[in-house]
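**Q** Below are the chains, spelled out letter by letter.
Protein chains: 2
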Amino acid sequence: MLNPVTPEFVEKLHEILPDAAFKEDTAAYLAEPRGRWNGKGLVVAPGSTDEVAAVVRLCAEARVGIVPYSGGTGLVGGQLLQDGPEPVVLSLERMNKIRDVFPTENVLVCDAGAILATVQDAAEEVGRLFPLSLASEGSARIGGLLSTNAGGVNVLRYGNARAQCLGLEVVRPDGTIWHGLTRLRKDNMGYDLRNLMIGAEGTLGIITGAALKLMPRPVGVGAALMAVPSPKAALDLLALAGEKIGEGISAFEIMHRQGYDFLAEVGPEQPMPFEEIPDWTVLIDVGLPVGLSPEAALEGLFEAAFAQDLVTDGVIAQSHGQRQDFWNIRETIPEANRRIGSVSSHDISLPLSMVPRFIDEAGDALAALGDMRINCFGHLGDGNLHYNVFPALGKSRDDYEEQRPEVKRIVHDLVHAMEGSVSAEHGVGRLKVKDLETYGDPAKLQMLRAIKDALDPLGIMNPGAVLRQKH
Amino acid sequence: MLNPVTPEFVEKLHEILPDAAFKEDTAAYLAEPRGRWNGKGLVVAPGSTDEVAAVVRLCAEARVGIVPYSGGTGLVGGQLLQDGPEPVVLSLERMNKIRDVFPTENVLVCDAGAILATVQDAAEEVGRLFPLSLASEGSARIGGLLSTNAGGVNVLRYGNARAQCLGLEVVRPDGTIWHGLTRLRKDNMGYDLRNLMIGAEGTLGIITGAALKLMPRPVGVGAALMAVPSPKAALDLLALAGEKIGEGISAFEIMHRQGYDFLAEVGPEQPMPFEEIPDWTVLIDVGLPVGLSPEAALEGLFEAAFAQDLVTDGVIAQSHGQRQDFWNIRETIPEANRRIGSVSSHDISLPLSMVPRFIDEAGDALAALGDMRINCFGHLGDGNLHYNVFPALGKSRDDYEEQRPEVKRIVHDLVHAMEGSVSAEHGVGRLKVKDLETYGDPAKLQMLRAIKDALDPLGIMNPGAVLRQKH
Numbered sequence: 001m002l003n004p005v006t007p008e009f010v011e012k013l014h015e016i017l018p019d020a021a022f023k024e025d026t027a028a029y030l031a032e033p034r035g036r037w038n039g040k041g042l043v044v045a046p047g048s049t050d051e052v053a054a055v056v057r058l059c060a061e062a063r064v065g066i067v068p069y070s071g072g073t074g075l076v077g078g079q080l081l082q083d084g085p086e087p088v089v090l091s092l093e094r095m096n097k098i099r100d101v102f103p104t105e106n107v108l109v110c111d112a113g114a115i116l117a118t119v120q121d122a123a124e125e126v127g128r129l130f131p132l133s134l135a136s137e138g139s140a141r142i143g144g145l146l147s148t149n150a151g152g153v154n155v156l157r158y159g160n161a162r163a164q165c166l167g168l169e170v171v172r173p174d175g176t177i178w179h180g181l182t183r184l185r186k187d188n189m190g191y192d193l194r195n196l197m198i199g200a201e202g203t204l205g206i207i208t209g210a211a212l213k214l215m216p217r218p219v220g221v222g223a224a225l226m227a228v229p230s231p232k233a234a235l236d237l238l239a240l241a242g243e244k245i246g247e248g249i250s251a252f253e254i255m256h257r258q259g260y261d262f263l264a265e266v267g268p269e270q271p272m273p274f275e276e277i278p279d280w281t282v283l284i285d286v287g288l289p290v291g292l293s294p295e296a297a298l299e300g301l302f303e304a305a306f307a308q309d310l311v312t313d314g315v316i317a318q319s320h321g322q323r324q325d326f327w328n329i330r331e332t333i334p335e336a337n338r339r340i341g342s343v344s345s346h347d348i349s350l351p352l353s354m355v356p357r358f359i360d361e362a363g364d365a366l367a368a369l370g371d372m373r374i375n376c377f378g379h380l381g382d383g384n385l386h387y388n389v390f391p392a393l394g395k396s397r398d399d400y401e402e403q404r405p406e407v408k409r410i411v412h413d414l415v416h417a418m419e420g421s422v423s424a425e426h427g428v429g430r431l432k433v434k435d436l437e438t439y440g441d442p443a444k445l446q447m448l449r450a451i452k453d454a455l456d457p458l459g460i461m462n463p464g465a466v467l468r469q470k471h
Numbered sequence: 001m002l003n004p005v006t007p008e009f010v011e012k013l014h015e016i017l018p019d020a021a022f023k024e025d026t027a028a029y030l031a032e033p034r035g036r037w038n039g040k041g042l043v044v045a046p047g048s049t050d051e052v053a054a055v056v057r058l059c060a061e062a063r064v065g066i067v068p069y070s071g072g073t074g075l076v077g078g079q080l081l082q083d084g085p086e087p088v089v090l091s092l093e094r095m096n097k098i099r100d101v102f103p104t105e106n107v108l109v110c111d112a113g114a115i116l117a118t119v120q121d122a123a124e125e126v127g128r129l130f131p132l133s134l135a136s137e138g139s140a141r142i143g144g145l146l147s148t149n150a151g152g153v154n155v156l157r158y159g160n161a162r163a164q165c166l167g168l169e170v171v172r173p174d175g176t177i178w179h180g181l182t183r184l185r186k187d188n189m190g191y192d193l194r195n196l197m198i199g200a201e202g203t204l205g206i207i208t209g210a211a212l213k214l215m216p217r218p219v220g221v222g223a224a225l226m227a228v229p230s231p232k233a234a235l236d237l238l239a240l241a242g243e244k245i246g247e248g249i250s251a252f253e254i255m256h257r258q259g260y261d262f263l264a265e266v267g268p269e270q271p272m273p274f275e276e277i278p279d280w281t282v283l284i285d286v287g288l289p290v291g292l293s294p295e296a297a298l299e300g301l302f303e304a305a306f307a308q309d310l311v312t313d314g315v316i317a318q319s320h321g322q323r324q325d326f327w328n329i330r331e332t333i334p335e336a337n338r339r340i341g342s343v344s345s346h347d348i349s350l351p352l353s354m355v356p357r358f359i360d361e362a363g364d365a366l367a368a369l370g371d372m373r374i375n376c377f378g379h380l381g382d383g384n385l386h387y388n389v390f391p392a393l394g395k396s397r398d399d400y401e402e403q404r405p406e407v408k409r410i411v412h413d414l415v416h417a418m419e420g421s422v423s424a425e426h427g428v429g430r431l432k433v434k435d436l437e438t439y440g441d442p443a444k445l446q447m448l449r450a451i452k453d454a455l456d457p458l459g460i461m462n463p464g465a466v467l468r469q470k471h
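Chains A and B are the protein sequences, given in the same order.
Numbers 1 to 471, taken from UniProt numbering, label the letters of the first sequence in order.
Numbers 1 to 471, taken from UniProt numbering, label the letters of the second sequence in order.
To be clear, the hints were calculated from the coordinates, so they are not data collected in a lab.
Source: prediction; values computed, not measured.
For every residue, glycine included, the Cβ atom is placed at its ideal position computed from N, Cα and C.
Hints are not guaranteed to be accurate.
Keeping only pairs whose Cα atoms sit at most 27 angstroms apart, straight-line, the calculated DSS-like set for lysine-lysine is [said to hold, decoys possible]: (1) A:K444 with B:K444; (2) B:K434 with B:K470; (3) B:K395 with B:K408; (4) A:K444 with B:K470; (5) A:K444 with A:K434; (6) B:K23 with B:K40; (7) B:K470 with B:K40; (8) A:K408 with A:K395; (9) B:K434 with B:K444; (10) B:K408 with A:K470; (11) B:K23 with B:K97; (12) B:K444 with A:K97; (13) B:K434 with B:K408; (14) B:K97 with A:K444; (15) A:K470 with A:K444.
Interface residues of chain A toward chain B, partial, derived using beta-carbon atoms under 8 angstroms [what the hints assert, rightly or not]: (16) T104; (17) W178; (18) G180; (19) L436.
Make the full structure from the sequences, and use the hints.
**A** Laid out in structure tokens, this is it:
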């Protein structure tokens, strides 16, 4: 059983932390990004790994829970604790430095509190690419991105956050520090603790530093929006793109026309690339080496696809600005969704070939349930759909309180039956603990619990996230 | 404390396994690949995951140790137990099928006993690439390759075995089965058990099946051998290659002239590409998409490098056969090494920029110790050197019995001081347990032990590998 933060405990914190580590207005740290609920806790922001370790030691002694807080952009409540004794919310924001850049090694070492855009910029300064990229890159921090194994738009080409990391520095639940900040490409000395910490959502320790992999910058970049007659055609187009352009495909995103309609309905306003919006479009982004033209590659792909009836229309970006316009459409859809207010949002993944059947069957099942609008979009190249269900025009999220659990159940049951995942890239947090219990393989659940108990025997690290808190 | 295999135990095994699972001549399973020592154990080869599970349950009941056996090509004794009660050696050889291929998903699912070359061929049949590639690919099996997180020549471009795997089927130490054979590209539901099992060398469970990632086949492939004035120049050439050819570099191998000399001395005979063998050569392999010529790319690289004094000579393969010749040199060096017989072999990795200093300092330190020949070669692109020390001409391995521990200590201490790893790709096995204890971060060692005890509380899985057996 955990204990709450007490006045005596706060006094002890003041003994080990400078005043700068205590925040005056802490409301922002306790609010869900979509404003759906609030967490609780005493917010502190240590300025160094040693200070983090000191806080953790104090919490371990007092058996006070710790909720690690990074950019606060997570959508599954991993950074927000609502129930149980008041915890310490440990923000990494003051540890936000790039520690070192090794261009000849293609490695960058940074604090866990470094903002993703800062890391991208530091890589660009030395002519390299840090390929992790997602809508919240201006505020999401490396520690949280790694702890949730964040995905984003370039996973198809470069892998998720896990694939971008070489080494970690981690403060363990007993306050000792694992110095695993290696710059090595290969190291087979013992179990893979790095990948265990990545994606553990702060339940096994606090990531305080990371050695990240940099990539060569593609020389020629380009993008196209293509209208496809169906999700199946989009998948065939993806395969064709692989044959024609190989690993040069950086992103392959699908968007249903519902997303465009939402943008028109509630903004943010975007220029529309088609006179008539097609039911399904894909956004293809390429990055090619010297000697190849992105425009020519995309034109060649379009022509071949058109001959096979895989595309009906298309626009190839003729400038950097136009490419950005295409991406703005894709990246403002989540904001339009937020303005509409979803009945239920789902971050799912499926074996690629199951995607068309899923879209058909889920659509039919939900249509039978009532009048709703579905905005299905996302990272088709990874089999990752954001399958979000919205109120019918003129209704609001609140009108669907009773149907919400059933909507979610229908979608998740179908995903599970098709061997998919009900959290592709957002993680488990606190929102999907029950889903993990429901859909998780029993042997897997046993192993997760055994690992949690072995590495955090007091249960103080991000209590109730990923796994239910034991009493 | 474990129990040995007894006649009663063997009887029980016969009740759950068909006769085909019992091998007549088992000597080959118990021999170290370089003939250095022998293991022990009763060899059984179950024919299905359920049979593996039944064997494991029996072993758990009787507290008999299990040594998983895959291709038997490992070089650190992970597949060979010498000490302690006689174990069951569990060979995966009868589970060697490709279960399914999903070309549109770029996924292949196979038994853990499938041979690497078989998997490569199955990928090629559907126009895809399974990029894991190493000298023993004709006999190494997927289960062992994953359990040791094997590396090989294409890690620079495609990553190690870990990066090629999407899902696993694993028999746990209590005989239950973890059904984690997912084909998903993204799944953030809980801790990363897949990567924990990969590289665990059979100490946490037995991998019985795997879902593997396939890649597009590069359209144009080519190779060049280039003479470089120094390891530092080789690193600069690597960076230049990254700028010129981007991700198209599939392999970047370095070879010291000692390797060529050994080939000339003891074979296998190879055509020599240079009239005078340079001190250092690099083998660069490229795979490019449609529209780019590998020969032109390599010529362009050579010219730019020559202008910067990074190369002094070079040969660009003019045919598939000549490319194969280059690779034959690289891939027969380990056989020449075996024929010479090393004083001490080291599979090390370093932060890339430390490689030149390591080669200098290790060479100096060993020269001070006595008359030895050093064959340093390997995967420079990954910072992974096979730094092998051999007897002076006219002497033999046996003449260096007394110096061997000191040679190893000098090399490993230096690697450790430079923040490298003393097992880059071969794993810990039983040979490097002490090294892991000596050089491992204390917090890491505690976590490894906690995980082992949590997931294999009886300590029956590959006892004494990775971690010392508890009594």
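**Q** Each of the hints needs a verdict: does it hold here or not?
**A** These are the hints, each one checked on the structure:
1. Between K444 (chain A) and K444 (chain B), the direct Cα distance comes to roughly 23 angstroms. Compliance with the 27 angstroms bound is thereby established for this hinted pair.
2. For the given pair, K434 (chain B) sits about 14 angstroms from K470 (chain B) by alpha-carbon distance, which is consistent with the 27 angstroms threshold.
3. Of the pairs offered as hints, the one joining K395 (chain B) and K408 (chain B) holds, with about 19 angstroms between alpha carbons and a cut-off of 27 angstroms not exceeded.
4. As the CA atoms of K444 (chain A) and K470 (chain B) are separated by approximately 25 angstroms, the hinted pair is consistent with the 27 angstroms bound.
5. In summary, the hint linking K444 (chain A) to K434 (chain A) is supported, as the alpha carbons are separated by about 14 angstroms, within the 27 angstroms threshold.
6. This hinted pair checks out: K23 (chain B) and K40 (chain B) have alpha carbons roughly 14 angstroms apart, not beyond 27 angstroms.
7. Straight-line distance between C-alpha atoms of K470 (chain B) and K40 (chain B) comes to about 19 angstroms, which keeps the hinted pair within the 27 angstroms bound.
8. The suggested pairing of K408 (chain A) with K395 (chain A) holds, with an alpha-carbon distance near 19 angstroms, which does not exceed 27 angstroms.
9. Proposed proximity of K434 (chain B) and K444 (chain B) is supported: the alpha carbons are some 14 angstroms apart, at most 27 angstroms.
10. Simply put, K408 (chain B) and K470 (chain A) have alpha-carbon atoms about 48 angstroms apart, too far for the 27 angstroms limit, and the pair is violated.
11. Straight-line distance between C-alpha atoms of K23 (chain B) and K97 (chain B) comes to about 20 angstroms, which keeps the hinted pair within the 27 angstroms bound.
12. About 25 angstroms separates the Cα atoms of K444 (chain B) and K97 (chain A), which keeps this hinted pair within 27 angstroms; it holds.
13. Between K434 (chain B) and K408 (chain B) the alpha-carbon distance is near 12 angstroms, which keeps this suggested pair within the 27 angstroms criterion.
14. Proposed proximity of K97 (chain B) and K444 (chain A) is supported: the alpha carbons are some 25 angstroms apart, at most 27 angstroms.
15. For the suggested pair K470 (chain A) and K444 (chain A), the alpha carbons sit about 18 angstroms apart, so the restraint of at most 27 angstroms is met.
16. Because the beta carbon of T104 (chain A) sits about 5 angstroms from the nearest beta carbon in chain B, less than 8 angstroms, this interface hint is met.
17. Nearest Cβ of chain B to the Cβ of W178 (chain A): about 4 angstroms, under the 8 angstroms cut. The hint holds.
18. The criterion of a C-beta within 8 angstroms of any C-beta in chain B is met by G180 (chain A), whose closest approach is roughly 6 angstroms, and the hint holds.
19. Below 8 angstroms, beta-carbon pairs count as interface contacts, and L436 (chain A) has one with chain B at about 5 angstroms; its hint therefore holds.
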